[in-house]
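With the sequences and hints as input, model every part of the structure.
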Amino acid sequence: MKLSSLIRLTALILLVAFIVMPHAFAFVFEPLTVNRAPAIYNQGSLLTLTLQHLRTVVLATLASTVIAVALGIFVTRPSGTEFLPLSRSLVNIGQTFPPIAVLAIAVPLVGFGEKPTFIALFLYGLLPIFENTLTGLTQVSPQTLEAARGMGMNDRQRLFQVELPLAFPLILAGIRLSVIISLGTATIGSTVAAKGLGEVIIAGLQSNNIAFVLQGGLVVALLAVLIHDGLGLIERLAARKLGRSLDEVS
Amino acid sequence: MIEIEHLTKRYGTNTVVEDVSFEVEEGTLTVVVGTSGAGKSTLLRMINRLVEPTSGRVLIDGEDTRRIPEDTLRHRIGYVIQGYGLFPHRNVADNIATVPRLLGWDRKRIAQRVEELLDLFQLDPAEFARKFPHELSGGQQQRVGVARALAARPALLLMDEPFGALDAVIRAKAQDDLLAIQRRLGTTIMLVTHDMNEAFHLGDRIAVMDQARLLQYASPAELLMHPADDFVERLVGTAERPFRLLSLAKVQEAVEPGAAEGEPIAVSDSLHDALSRLMWTGHRALPVADAKGAIIGRVSVDGILEHGRSLP
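So the protein sequences, as listed, match chains A and B.
With my numbering, you'll find the first sequence wraps up at 250, consecutive numbering, no jumps.
With my numbering, you'll find the second sequence wraps up at 562, consecutive numbering, no jumps.
Derived by calculation from the structure, the hints in this document are not laboratory data.
The reader is advised that the hints may include incorrect statements.
As the list claims (entries may be wrong) - With beta-carbon atoms standing in for the labels, derived distance ranges:
| hint | chain 1 | residue 1 | chain 2 | residue 2 | range |
| --- | --- | --- | --- | --- | --- |
| 1 | B | 309 | A | 85 | 15 to 25 Å |
| 2 | B | 385 | A | 142 | 47 to 57 Å |
| 3 | A | 20 | B | 377 | 46 to 56 Å |
| 4 | B | 377 | A | 241 | 16 to 26 Å |
| 5 | B | 265 | A | 142 | 37 to 47 Å |
| 6 | B | 435 | A | 145 | 19 to 29 Å |
| 7 | A | 142 | B | 417 | 18 to 28 Å |
| 8 | A | 229 | B | 372 | 40 to 50 Å |
| 9 | A | 145 | B | 258 | 38 to 48 Å |
| 10 | B | 261 | A | 85 | 18 to 28 Å |
| 11 | A | 241 | B | 435 | 27 to 37 Å |
| 12 | A | 90 | B | 271 | 22 to 32 Å |
Given the structure is predicted, the values throughout are model-derived calculations rather than measurements.
Just so you know, even glycine gets a beta-carbon here, dropped at the ideal spot from N, CA and C.
And the structure:
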């Protein structure tokens with residue numbers, strides 16, 4: 001086994017162990033506490049919070065993916081090319097608008113909880129997926145498309161049998177980017193009462209307990225690194241099938 | 251038979267193909283030759299309706315192609331382009347299976363057909379079926395491209411500069427292979443090229459195009475002896491004419507009775523090859539052997555030169 005995969009495996013085992021039985025790690029965090037404050041987050045189960053955090057991220061990314069890929073396909077069809085500049089600016093606004101501002105606007109409209117976080121993550125995740133879908137679909141060589149047309153593939157067959165499979169590694173790279181951004185961004189959802197790992201961090205900030213802040217931060221960071229790695233692996237497999245290294249694709 | 255009738259394509263005021271008509275006999279190889287921008291590719295693409303003609307029509311075995319749905323028409327016509335456009339995400343077997351799959355053949359029949367084609371193109375199925383296009387050499391990619399076009403047994407094969415991406419040595423081999431396969435399958439082929447040598451080497455008939463118009467449609471010998479105008483004459487190459495004539499004729503036509511010293515020449519060789527053998531070896535004449543190796547006479551330098559004259 002290579003050193004890098006060994007490190008990954010260790011990180012994964014540590015993460016799972018910590019989430020499932022955080023009190024076993026209390027000795028690590030005790031030196032960080034003052035006035036006998038609790039060393040391990042005690043206002044809820046870390047496991048539940050992690051799963052809720054992941055759920056919000058997965059749902060939001062799924063929604064971003066569906067919308068962004070559909071939009072990307074639409075604007076690369078002959079009937080949709082006029083909408084390319086418009087959809088680009090819309091998606092760009094989603095990215096430039098700070099998530100915290102989205103939360104501020106969304107709360108009065110949909111109330112506290114997971115919904116405003118979901119909206120913020122969804123908007124924030126659109127851009128990378130949309131841009132990568134666009135690049136993936138437009139970089140399919142004209143010769144390949146000409147051959148597909150010449151062999152009698154109709155528009156739908158060309159899209160599903162040629163264009164999307166060829167764009168797949170790039171779309172996947174966009175999704176990966178979006179997931180990673182969302183994992184971090186989702187922590188601010190806890191300011192509007194969404195269940196998630198942000199709770200741990202905020203509780204730590206409010207009670208001036210660095211151990212809490214560190215726990216929340218570490219779990220989020222490890223999740224991000226591991227998911228990033230896992231998706232990268234799938235991408236490489238997909239790209240290898242196309243005979244290109246990942247560097248060329250991304 | 252393919253009948254092209256008054257085919258015209260205009261983009262705005264720009265005429266790309268103007269009133270082109272000719273007929274292609276079944277089982278022959280027709281080469282459309284001309285300078286770049288002469289409209290040859292557009293002409294070819296109007297036959298499988300990748301380009302819709304402005305006016306005129308194409309009949310395939312008497313059937314107007316406009317009456318056939320586009321996709322159905324293209325399933326029935328093989329199409330090979332320069333660079334081949336192989337699908338990078340599909341292996342060789344899946345690439346070749348493209349049209350049979352679109353036609354909904356069953357799995358067994360497809361597998362059989364793929365194997366048959368790989369054999370025909372001298373690609374070992376065990377080695378090549380699972381390879382991806384980027385793992386193939388240029389010549390192998392070209393063969394897969396043609397095999398893919400022939401997968402559903404089309405009666406007509408359209409080829410647009412199919413040898414353009416190959417180096418000279420592999421190109422000559424690929425051309426000979428195409429001829430052999432065409433003779434064997436009896437497929438009607440229309441091939442577009444800008445290379446006059448290729449046209450003379452491959453074509454049963456040659457269509458010369460320039461500036462959107464068809465200048466001459468004739469057999470290679472006819473083109474050499476009676477070029478329709480100055481442009482055709484220049485394209486054919488005045489200095490090359492006698493040698494091209496010799497390339498078209500077989501030793502068979504110049505066999506004379508008598509004996510000669512030296513290694514025999516095959517009766518099926520071209521006179522061009524025979525002459526270069528004579529010049530190279532310094533003989534005035536060499537014996538001629540038939541397919542079985544029996545000596546049937548001789549061929550001489552003087553006899554060959556007779557065949558390189560404009561008025562025999």
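Violations among the numbered hints, reported as their numbers in ascending order: The structure conflicts with hints 1, 2, 5, 9 and 12, although it agrees with all the remaining ones.
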